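Novice: First to last, the protein sequences are chains A and B.
If you're matching positions, the first sequence starts at 13 in the working numbering and goes up one per residue.
If you're matching positions, the second sequence starts at 11 in the working numbering and goes up one per residue.
Warning: the hint list may mix true and false statements.
Okay, derived cross-link-like pairs now, PhoX-like style, lysine-lysine, Cα gap no bigger than 25 Å in a straight line [unchecked claim]:
| hint | chain 1 | residue 1 | chain 2 | residue 2 |
| --- | --- | --- | --- | --- |
| 1 | B | LYS67 | B | LYS80 |
| 2 | B | LYS67 | A | LYS14 |
| 3 | A | LYS68 | A | LYS82 |
| 4 | B | LYS63 | A | LYS54 |
| 5 | B | LYS63 | A | LYS110 |
Derived from the structure by calculation, the hints contain no laboratory data.
Just so you know, these numbers come straight off a predicted model, no measurement behind them.
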Amino acid sequence: QKEVEQDPGPLSVPEGAIVSLNCTYSNSAFQYFMWYRQYSRKGPELLMYTYSSGNKEDGRFTAQVDKSSKYISLFIRDSQPSDSATYLCAMSAAGAQKLVFGQGTRLTINP
Amino acid sequence: DAGITQSPRHKVTETGTPVTLRCHQTENHRYMYWYRQDPGHGLRLIHYSYGVKDTDKGEVSDGYSVSRSKTEDFLLTLESATSSQTSVYFCAISPGTDQPQHFGDGTRLSIL
Numbered sequence: 013q014k015e016v017e018q019d020p021g022p023l024s025v026p027e028g029a030i031v032s033l034n035c036t037y038s039n040s041a042f043q044y045f046m047w048y049r050q051y052s053r054k055g056p057e058l059l060m061y062t063y064s065s066g067n068k069e070d071g072r073f074t075a076q077v078d079k080s081s082k083y084i085s086l087f088i089r090d091s092q093p094s095d096s097a098t099y100l101c102a103m104s105a106a107g108a109q110k111l112v113f114g115q116g117t118r119l120t121i122n123p
Numbered sequence: 011d012a013g014i015t016q017s018p019r020h021k022v023t024e025t026g027t028p029v030t031l032r033c034h035q036t037e038n039h040r041y042m043y044w045y046r047q048d049p050g051h052g053l054r055l056i057h058y059s060y061g062v063k064d065t066d067k068g069e070v071s072d073g074y075s076v077s078r079s080k081t082e083d084f085l086l087t088l089e090s091a092t093s094s095q096t097s098v099y100f101c102a103i104s105p106g107t108d109q110p111q112h113f114g115d116g117t118r119l120s121i122l
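From just these sequences and the hints, can you work out the full model?
Specialist: See the structure below:
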């Protein structure tokens, strides 16, 4: 079983919809949680970076961490065609150099 | 962009040849990383550096070596390339432990 599980999709939604992306994990030592966006033939771009449990909001993006359930989410409000990309969750333990990534979810926003 | 340049961006080579990929940063960050990205496996850490001449192995380090002689440059070498090393290679940088990592745009490497 992988340390981080992420549904690869693909996920297709209409423009303006609320998108929910999720990851589950098994390692209770993870303390730092990230979401990256990756466009085709580009590198991952950091969207959200959170520590421990709770919510963090940045514009149309909200990241949630539930450590008791070992579950993290990324919500995208008022989704736009430009949000079409692959979204990667990543996490790490405190003091660790290694990021553990999910496989990524391919998202398409249809105009 | 995070001030990371990877070169070359694309390379095709033959099995058994040596290959060196370069990562150059302009952020003066202490930590630099090499990852590979493959379908079904996501991103996996190959090696990382925590300072000039200070490096350590990641989870998929076999067949790879690294060097860092200057803060801004981190080299990844495949001493004798194999077809299983065909992948997209990403460099990342970070200012310190427990700080977010920022990625370059990758090198697509094909080994025939």
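Novice: Is LYS63(B) close enough to LYS54(A), meaning Cα to Cα at most 25 Å?
Specialist: 29 Å, violated
Novice: Given the hint that LYS68(A) pairs with LYS82(A), test it: the Cα-Cα distance must not exceed 25 Å.
Specialist: With Cα atoms ~17 Å apart, LYS68(A) and LYS82(A) stay inside 25 Å; holds.
Novice: Can the restraint linking LYS63(B) and LYS110(A) be considered satisfied, given a maximum Cα separation of 25 Å?
Specialist: It holds: about 19 Å lies between the C-alpha atoms, which stays within 25 Å.
Novice: Would the pair LYS67(B) and LYS80(B) pass a check requiring their Cα atoms to be no farther apart than 25 Å?
Specialist: 19 Å, holds
Novice: Check the hint pairing LYS67(B) with LYS14(A) against an upper bound of 25 Å on the C-alpha distance.
Specialist: 20 Å, holds
When the structure is compared with the earlier hints, a violation turns up for hint 4 alone.
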